[in-house]
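Protein chains in written order, with our numbering: chain A, 658 to 969; chain B, 658 to 969; chain C, 28 to 310; chain D, 28 to 310.
It is possible that part of the hints are untrue.
What the hints assert, rightly or not - Below, a list of computed lysine to any residue pairs in the SDA-like style, where the Cα atoms sit at most 20 Å apart:
1. B:LYS946 <-> A:ASP856
2. B:LYS946 <-> A:ARG668
3. A:LYS946 <-> B:ARG861
4. A:LYS812 <-> A:GLY840
5. A:LYS946 <-> B:ARG860
6. C:LYS111 <-> C:ALA127
7. C:LYS232 <-> C:MET175
8. D:LYS232 <-> D:ARG243
9. C:LYS111 <-> C:GLU204
10. A:LYS946 <-> B:ARG858
11. B:LYS946 <-> A:ARG861
12. B:LYS946 <-> A:LYS812
13. B:LYS946 <-> B:ASP905
14. A:LYS892 <-> A:ARG668
To be verified - One side only, chain C facing chain D, incomplete, derived with CB under 8 Å:
15. SER79
16. GLY81
17. LEU82
No wet-lab data here; the hints were simulated from the structure. Fair warning: this is a prediction, and the values are worked out from it, not measured in the lab. Glycine included, every Cβ here is placed at the ideal spot set by N, Cα and C.
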Amino acid sequence: MDLSLNIGSLRLKNPLIAASGCFGYGVEYADIVDLSTLGGVAVKGLFLSEREGHPPPRIVETPSGMLNAIGLQGIGVHRFIREKLPELRERRAVVIVNICGTTLDEYVEVARILSDAAGVAALELNISCPNIKEGGITFGCSLTGTHAVVSAVRKVTRLPVIPKLTPNVTDVASFARAAEEAGADAVSLVNTFLAMAIDVRTRRPRLSNIVGGLSGPAIRPIAVRMVYECRNTVKLPIIGMGGIATVDDVLEFMIAGANAVQVGTANFVDPFIWSRLLDGLRRYMRDEKIARLQDLVGTVDTTAREQAWISS
Amino acid sequence: MDLSLNIGSLRLKNPLIAASGCFGYGVEYADIVDLSTLGGVAVKGLFLSEREGHPPPRIVETPSGMLNAIGLQGIGVHRFIREKLPELRERRAVVIVNICGTTLDEYVEVARILSDAAGVAALELNISCPNIKEGGITFGCSLTGTHAVVSAVRKVTRLPVIPKLTPNVTDVASFARAAEEAGADAVSLVNTFLAMAIDVRTRRPRLSNIVGGLSGPAIRPIAVRMVYECRNTVKLPIIGMGGIATVDDVLEFMIAGANAVQVGTANFVDPFIWSRLLDGLRRYMRDEKIARLQDLVGTVDTTAREQAWISS
Amino acid sequence: MAQVYTRDMPVDIDATVMGNRRLSADYNVLAIDAPEIASRARPGQFVMMKTSRGLDPLLRRPFSIFEILRDDGGAPRGVSLLNKRVGGGTSLLYQAESGARLACLGPLGRPFEPVDPPAEAWMVAGGVGLAPFLTLAEALHARATPTMLFYGARHAGELYCVDRFETLGVRVVLATEDGSRGAHGRVTAPLESALSRRPLGEPLKLYVCGPTAMMRACAALAASHGRACDVSLEQVMGCGLGGCYSCVVLARDDSGRPHHTRTCIDGPVFEASRIVWDAVDAH
Amino acid sequence: MAQVYTRDMPVDIDATVMGNRRLSADYNVLAIDAPEIASRARPGQFVMMKTSRGLDPLLRRPFSIFEILRDDGGAPRGVSLLNKRVGGGTSLLYQAESGARLACLGPLGRPFEPVDPPAEAWMVAGGVGLAPFLTLAEALHARATPTMLFYGARHAGELYCVDRFETLGVRVVLATEDGSRGAHGRVTAPLESALSRRPLGEPLKLYVCGPTAMMRACAALAASHGRACDVSLEQVMGCGLGGCYSCVVLARDDSGRPHHTRTCIDGPVFEASRIVWDAVDAH
Ligand SMILES: Cc1cc2nc3c(=O)[nH]c(=O)nc-3n(C[C@H](O)[C@H](O)[C@H](O)COP(=O)(O)OP(=O)(O)OC[C@H]3O[C@@H](n4cnc5c(N)ncnc54)[C@H](O)[C@@H]3O)c2cc1C
Ligand SMILES: Cc1cc2nc3c(=O)[nH]c(=O)nc-3n(C[C@H](O)[C@H](O)[C@H](O)COP(=O)(O)OP(=O)(O)OC[C@H]3O[C@@H](n4cnc5c(N)ncnc54)[C@H](O)[C@@H]3O)c2cc1C
Ligand SMILES: Cc1cc2nc3c(=O)[nH]c(=O)nc-3n(C[C@H](O)[C@H](O)[C@H](O)COP(=O)(O)O)c2cc1C
Ligand SMILES: Cc1cc2nc3c(=O)[nH]c(=O)nc-3n(C[C@H](O)[C@H](O)[C@H](O)COP(=O)(O)O)c2cc1C
Ligand code: FES
Ligand code: FES
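Assemble the whole structure, with the sequences as input and the hints as a guide.
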């Protein structure tokens, strides 16, 4: 059974990746999850320097989902390389670094620094975080911005470049196309949906940042649709995510067109989810007689259903 | 206690409206709900002529939500006026007709016909249904399209005109502004989110139409955020909806900026929801000493939370 | 023309589970304390059940009323459901414990119209399609209509409550796909031979509920033998009240034109000849 | 400097509810069959509980380990939680029936470090903030540390398990806001007078858990009386493992600079002096 896939020059042994911001720097999970068994580990979004993020409350639960406004608290790229990367290498994790910037130059600078560091497998460009005012999503919500960031980073690194798309746009597939044209090796989607919750007694927002990003099973049907649209638009590998919590969810994204997937919120609920998902994938491949898991990608059968019965 | 509000020249006795497509033509509920106690009844989307809609399966449940692709099955505006409107009048329902078109001319024609019919209180322009290919959402996803439909309908009717906005756009508030500039009396939002679900055994979409619209509690946090953004952008009355299932949800939308709300999916789960919501509103007004419910609209307190503690 | 019926106003009860009898690893009979529904229900009607108190699952699930439960004085006290575990909601009902409270809305839908003697009533049930027939059998028994039940399942272990029907004087013909009880194969085979043996002058009506393929086959048999046939359809239902248009089936109107017709209020019981069977998704 | 502790690898148990003792209309003690957690747990650690089997609620909820339950031979068998009903998840735990299965992940978090004699341990609990102290009292009892408990609640009916502490030799000082038992008013009043009466030469350490306002007041008292003070914080937690950064509190590092620090892995127990109290949301 072959569960592997390629993203640019990078080979992942299976399609299961820990989603950025939902798995700390990976090291937090190292004693309960064998990191080398994951397809990859996308670490928390990193800027050039340290950031304290937003004050609490930073999360609030909503129906089948959660809002977060962490505000990209992080230790910055230098401390990451010094303090976290060595352990991640030792644990043989495939490290995908999620990078952020308030300016185009910052993305480029962070990418350059990480490209020189041993043990980084790929760069995921976070141009889609809804929780910071400057940078980020302003690139992700404009086609030219997306193109600009991707091509600028492309120029300074030989690592696979994976822009992460925001779902908060009218036509996500056009952003995938812009990324493809700018030389991306893959796209990942979706980041969280900009959302809000209010305490009706205090009449204050439940998050200190007023708005936050919605993740979890609630958003899965929208994310699947977006992956499907991107699959119909670009040839690039697609890393799909949004609400994955069971092996059927993984399969749904792959059948819709994702080559790999990330799991975020569900890892909070079940940090031992990874082996369950892997077992489930193997079982499905056995039951459905699928030798190469990548053969499943984009196989959704949309041949017209019995529309013909009606003349109207 | 005053729960009333105005939308243009129309006075609603309370802010609770049955959402279009979720309450049939109203008459289906007439023997279990006293229609005259609702703020309004938005009936199923109507085209000029009858439509059979999509073949089943038309709905599928998803985490805290549901997808639908009914495809705007409907009896057309003439049969509606003949067969349904008389009973709705007799029941003293405030009838908001949700109108659809595949062309701008069809919207205008339908609006004109309804304006001549006795018993229609307002027109809700469905420019946001994700489930039909022609018309509808093509207007709703373009600022000029939105402006064009609203101003064309505005010219042929004295009824309040309420364009219903789609959430499947980057910046919903700009659509609210376009609607305001075109002479709308209010906006309603949100319609459903374009979404998809796949059966991983058959690898076929779970809906005959492949994609459908996501509604229900799952989407509530996104919808609340959109209402909040629109409140910050337009002066118009806003009719908020998306996942409302409890009185706290109604209040959350109102505090975010909605003058009235619609309830769709939750009515399927609990068709007797209306009196519960009304009771809850009255209880809240009593507890919080609010004499006019409209005083609550847009009162979300977003004064900076303790951000000051961090210098970064 | 579609029969006209006046619907009794449905009520929503925050009902207490009075008992849960597990019949097998997948089937159970759930007893629910709901006098207001029990007293209004007619044969073949259904209820919409919340299967949990929270949002998971969100929507209600439709279930035929299996039995009208009566107190010692004979007054309607509640209803029971014959539940088959197929997904999340039915699993919750399988596990439900006595004392649990679940919202139950009903009675809903167009009931069966029991025929009067000398006509005979032939009920045809596949699997959990048995559910609407016990109430029908009671109604037929009350009017002394000669009644048969053709009842098929995969194996003997999935044939339930046969004695309940026999007590009501119903002649029962069984079939199992593995031949472990009754005829070997589909229940449509004994039905077909019975229909063939039956002189046309002796009136009878078929009542069918089960998998789509079975209902379609019965509809064809009824048509070829010139017999009236009602089917009870099981479409996915969002509301049960005509509000959402999710539950439609393609059914012909009086002029023969097919329309998407709501099974929750125009059905679930339909004349089989009205249904465009090729458009019904098999599940 | 923050104390260093080596964390025992947490395990996730699909645990069976062994019992549910309702103490009042809002409080209950839930016993959970989880030997692997019970045998590793240290005083003041917590578990992350799934409060239902489905998606509602979605996230786990953090609970202090209230008791280590032992079998007849004294081997750790499970843990109990002192649960207070405040929302959806805690309501489900209040209602949970014996036999139900709920995922339980733990033990988690930085434990209390019990002081050794001659130092005394003074525990200060407000409301459900009592939860982490029974395990601490046992550890202190084992090392014969003289121990006090200052325990406050709104009224007498909300003071629980006082005898359990007394059995362990803990001197208990009670306070209720309505004066129905113990001192009238907040528990910080008797604490303050006890602190004032205490010669500085006699070492003691405060351990505090309760509402934010109470912990802040205790931190101030500890500082003004020059006493070591550990607090156990209750931030909203998404994961309990350091993965999400939801649970942060503003705490000073060694150089005195405040950072958003994760309470799930760097806490929940902190030296009170490290916390920037004005930045802690009161809830
Ligand atoms: C009028 C009517 C009466 C019914 N009476 C009974 C009854 O007496 N006993 C009984 O066990 N079941 C009955 N059903 C079917 C029952 O409603 C479904 O099995 C149930 O809704 C499935 O819910 P779930 O959450 O377990 O499954 P889901 O997880 O929702 O779905 C599991 C599988 O079941 C299919 N399914 C979902 N809903 C339906 C549906 N309404 N009908 C058929 N298949 C469905 C899905 O497509 C899926 O393949 C009846 C249905 C109708 C419409
Ligand atoms: C380390 C730790 C140990 C805890 N130990 C216990 C314990 O032993 N017994 C006990 O009853 N409770 C304990 N709590 C608090 C408990 O976790 C919350 O009461 C619970 O998560 C609320 O869940 P809910 O679904 O009932 O409420 P929700 O519906 O989620 O929220 C209801 C209200 O409670 C508030 N709330 C939500 N989560 C928390 C939280 N983590 N802490 C404080 N307030 C919260 C919300 O802001 C809201 O106002 C502990 C919390 C932490 C962080
Ligand atoms: C608490 C939290 C923090 C997140 N931080 C980041 C981040 O730093 N960078 C990023 O690209 N995405 C971040 N995300 C988004 C996730 O990586 C993922 O795109 C999203 O949560 C959808 O997946 P899920 O539904 O499986 O969680 C974060 C999500 C959550 C819930
Ligand atoms: C089954 C179904 C049918 C709908 N039909 C229409 C429609 O005809 N016209 C329309 O404007 N919106 C329609 N909607 C959208 C709802 O009016 C509403 O905008 C949406 O469902 C969000 O609200 P909710 O979460 O309360 O359901 C439909 C929604 C559902 C679930
Ligand atoms: S189930 Fe909603 S219309 Fe039939
Ligand atoms: S709860 Fe997730 S980091 Fe602390």
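Q: Determine which of the earlier numbered hints do not hold for this structure and return their numbers in increasing order.
A: Numbers 2 and 12 - these are the hints that the structure violates, sorted from lowest upward.
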